[in-house]
Amino acid sequence: MASSGVGRAIYGNGPPSTQAAFDAKDEAAKDASSRKLISKRIPALRVVTSPGERMLYSRDQSEIPRFLKSFSFRSHPDIVVQPLTVDALSAVMRYARSEGLTVVPRGTGSSPFGGSVPVIGGMVVDMSRMDRIGDIDMESRTITVEAGARWADIDQALLPHGLRVPTCPSSKFSTVGGWIATGGMGLNSYSKGHLSRHVRSLEVMSPDGTLRRFSQTDPDFESIFGSEGQVGVITKATIAADALASGGRPHLMLFSTSSAAFEFADELMRSDVEPAHIFYGSASKIGIISQLLDGKHLRRGDGIVVSLEDAASEERFENFMAERRQTQEPEYVARYMWNERFFPMKIRGLGPGLLGTEVVVPQSRLQHIVDVAKKISACMSLEPLFEIHYLPEGEALVLCFFLVDQGNTFSYTLDAVKSMVLARALVDSGGRPYSIGIWNNPFTDSADVGDITRLRELKAKLDPLDMMNSGKYFHLSGRWAGLGALMFHPRLMRPALRLIIAFSPVSTTLLGRMSSLLRKWFDPKSRDRLIAVADDCAMCGSCVGVCPAYALIGDERVTARGKMLTAKAMAGGFSISSEHAGRTSLCMRCKACEQVCQSRLELIPAYDELERRLERLHGRNEKEIERFVRFAEDSQVYDDLVMKGLVVGAPRNRPGGASDDV
Amino acid sequence: MYERYHIPLKTVEPRASRVAGFTIERADNCINCGRCERACIYGVHTRSRSDTREMADPVSHLCKDCFRCIAECPQGALTISRGAEFQSLGRGIWTPLRISTIWSEAETGKIPVLGAGYKGMFAGDGYDDMWTDMSEIVRPTRDGIHGREFISTGVDIGRMPPFLEFEPSGAMRTSIPPLIEIPIPMVLDLTRMRTCSKTMAEGFLDAASRLKTLAFVPLGSVSNKTIRDMAGCVVPVIPSHTDLSNVNLPDEARLIELAAGLSWKKDYDALVKKFPDRVLSVRIEAATGVEDKVFEMLERGVAVANVQFTDQGRESGRNDRHAKDSLRAIHDKLVEAGRRDELTVMAGGGMAAAEHVPKSIICGADLVSLSKALLIALECRDCTKCESPSCPIDLPSAPASWVADRVMNVVGAWRDQLLEVLGAMGLREVRRLRGELGRAIFLDDLEADFLPPQHGGDDA
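Going down the list, the protein sequences come from chains A and B.
Each residue of the first sequence is one higher than the last, beginning at 1 in our numbering.
Each residue of the second sequence is one higher than the last, beginning at 663 in our numbering.
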């Protein structure tokens, strides 16, 4: 309201506070390196001091069996910082250099491959609070944003100007910097191509603390994409926007076999229809979505979802369909499936847990790869769920998932091994890993050699001391002088996995049998409901970007993801300090997290339960909660968030208000 | 010692659950942002006491319909609607708004506030087609309820001789008839109530005594001892055809009333004979030609004519005029005869809002009696199911002190509103308001002045 010039309420609870930051007690830093950094008093830099908060930075979206991870890697960071300005980032980079610390850049941590997780400790630089969205240049139709800006927020900033982002990841709440560094292939990639085509220029903070600018014509520009934090910290990007599309809509076609679906997609691509995006959902996946919906609206079948964006292609599509005498599902079902593109993790709750792999394959080998995956999975008593996004230049991004039970550590560890076997099989059938991080290291032998070489050369130029995200990508380091990580080395892992595949179905059936035995022996007798919710959580970080409490204090423990991790940590025996418990209660109960939750979790009851448990340990600090709520109400940041609408597209009742079309 | 008249007010919590005039509902898309709490000056929206992060359920009955929360909610999560139970309250002139206004006056003793203003029609039936002229509102001496200037609300009850006669010696020849002065132009009438338990009666009498006004009670319902204890506040109402030989009333019954029947003259004569030194009142039911009946009473020597209208404020019978027209006719008749001060005119029935007091007085009444409004003050739902087990609020069990406090609050609030009217008119006493038709505008007059003849306007 303040921005619209009406001013804040004249009646209220006293004058607005002038307090700049909420002064909840922070645990003092216990370790020397954090203390030393704090003593430098770098402005606009938040140093994360409490062990509880730092714990959140030892992982990303993936749920790695504890034994695999803690045995092999030192994933707990030594220092975690949140720079708010480029100057703060530059200063902290120089500090890391002087201390010989490895720097691990991080966005929202929504990728599952471990790119933002330390393997040998070091300093995690959380860029998600450098999220300013700059002005829009209407002439060149570009928007300049900081690396921590989230795709959903950029889209919202563009909307009033009739513009939109040309392509975005399925997690719209991931950061610009994060997607540039990890992938750049996602929704609308089929028509718009790789993200690098739409980024006009980039700014990258080098390890020596200087800012470098790369324009699209720069020879090294391409190599920044997918560089996984190896060459510097991306700080800014100028992105070319697209005009809003109208006149088209999504369509869903169901087929009795996957080959029929692929064939349809092939013909569609050869036709003159020019769809904006095409993706395939396997019958198994569509079945689950239907089951979650209520079983009445979706037929079972292998589905192709086609998104059209203008009336002309609608017309051509109609002709195309008529020629083929192809039927399609009702519009509302198609729109529902199209909306599901943002919620790939929704099915987790049925496990609870989801494992899988992502590979890029030539379209010509899609059928082969699906068959291989099905065959091996069947032996291992798994049912694979496929989501395949078509990419330009004859490629496709295959997401192959299967539901697992995270509640049983033993069978879950075995499931992780199975997913490795599956990934190996897919890679050996002509795929290459989409992203490398930690967990795809065993498959680097199949990655594009040219890409790796170019990146290696750029790293030699920008990061000669190997300070950036070291111990990953080119080789994997870890505990025991790297011995722990050795098992993820392609030279060791490949023959091992290939051996299993070679002796399939005997070996794979054996894995399947072992699973059922482990499940029989170790399945938890009763499930803790709170932990079940926490296990359902995809840890995707969508909630972080919309959390007003996080926007105010920058501590991820106040977000849904932070709370679910706190619940898990408690269950895992991690001792929660009273300060940590207090932070967990700092919440505005705005339910923005529930709105964006990938797993569609009922979070508020889970918070209540978590708080009850924490209160048993540390009591309830109602005063601090109230102080926080009043602080938020007085804060301009919160006011702006509320007036903007915490969640883009979340329903509002107001006539003429924001539509609920996502 | 000079003692200024003052009605002490205090908050008197309701006994029954409240009926909200407006229902505020908060939809699930509320984000607990707290903007409504800041927006609402009436306290409808607050954060939960047990958990500051969540909004408590809206306290609908505090809502004044100002729409501010609706306008400010960034989520559009709030809905306002008329309360269903509220809308079914009362009938006729006893509208839900008037009933709930009396409730809030009885609870707080304060002048009612209507958030988004009066949204009804400009004119209506009865008292709604006259408006008090408060153009003196800009006078610097305007006092209102703030007490910087003294405004008297006191009235006299009894016969006042038109002039005084003196003996040549200087002694007064005129014998002064008994006269009662009360500090407010409102008395309490317990005789017309649909229900009045012992504790309720006790409470009403207590209120009358603390207000220094009168309470009209059925003969025999109050012991003589109580009449004595109440020191002049109790007015026994004697039914017609009562054999007075067994009626003994202590001197503290300064005013005695007779309910007029067909043979009221005989009853009245007997009453004068039995109680020659008291102020005597005759109660009549208003009907066609009431002004002639009142004039007859004057001629008979009656001191007070208590003219009773229906609960809707009209005469009984077919050609039922509204009280304002009846009262004007009575007043005019008395004025024409030049004998207005010889008779006190009291009006009862249909007093549903504070404004009805000054309006009745402008039309010619000296004072008014309150009856149904007093029951409403006790949270009566006006549902007419008064028998003990069926009364939804169990009114008969209301404790006396609570009854007294609620009544004090209502009368206090109504007097404050009367003071506002007087202050805005620049009048210093309510006696002067009686029959001051120039202080009001009537719809009939406006129509006569401004409408063409075919629509009811005057030819001239």
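Calculated from the structure, these hints are not laboratory results.
By construction, the Cβ of each residue, glycine as well, lies at the ideal position given by its N, Cα and C atoms.
Hints are not guaranteed to be accurate.
To be verified - Between beta-carbon pairs, the in silico distance windows are: (1) B:733 <-> A:636: 14 to 24 Å; (2) B:675 <-> A:572: 51 to 61 Å; (3) A:572 <-> B:712: 48 to 58 Å; (4) B:733 <-> A:139: 50 to 60 Å; (5) B:1047 <-> A:636: 33 to 43 Å; (6) A:636 <-> B:712: 21 to 31 Å; (7) A:23 <-> B:775: 34 to 44 Å; (8) A:327 <-> B:679: 55 to 65 Å; (9) B:733 <-> A:161: 45 to 55 Å.
Consistency of the hints with the structure:
1. B:733 <-> A:636: 14 to 24 Å: holds (21 Å)
2. B:675 <-> A:572: 51 to 61 Å: For residue 572 of chain A against residue 675 of chain B, whose Cβ atoms are near 53 Å apart, the range 51 to 61 Å holds.
3. A:572 <-> B:712: 48 to 58 Å: violated (31 Å)
4. B:733 <-> A:139: 50 to 60 Å: At 38 Å between Cβs, range violated.
5. B:1047 <-> A:636: 33 to 43 Å: Roughly 56 Å apart at Cβ, these two residues miss the hinted range, so it is violated.
6. A:636 <-> B:712: 21 to 31 Å: This hint holds: roughly 29 Å between Cβ atoms.
7. A:23 <-> B:775: 34 to 44 Å: holds (40 Å)
8. A:327 <-> B:679: 55 to 65 Å: Given about 59 Å between the Cβ atoms, the range holds.
9. B:733 <-> A:161: 45 to 55 Å: Roughly 27 Å apart at Cβ, these two residues miss the hinted range, so it is violated.
When held up to the earlier numbered hints, the structure conflicts with 3, 4, 5, 9 and fits the remainder.
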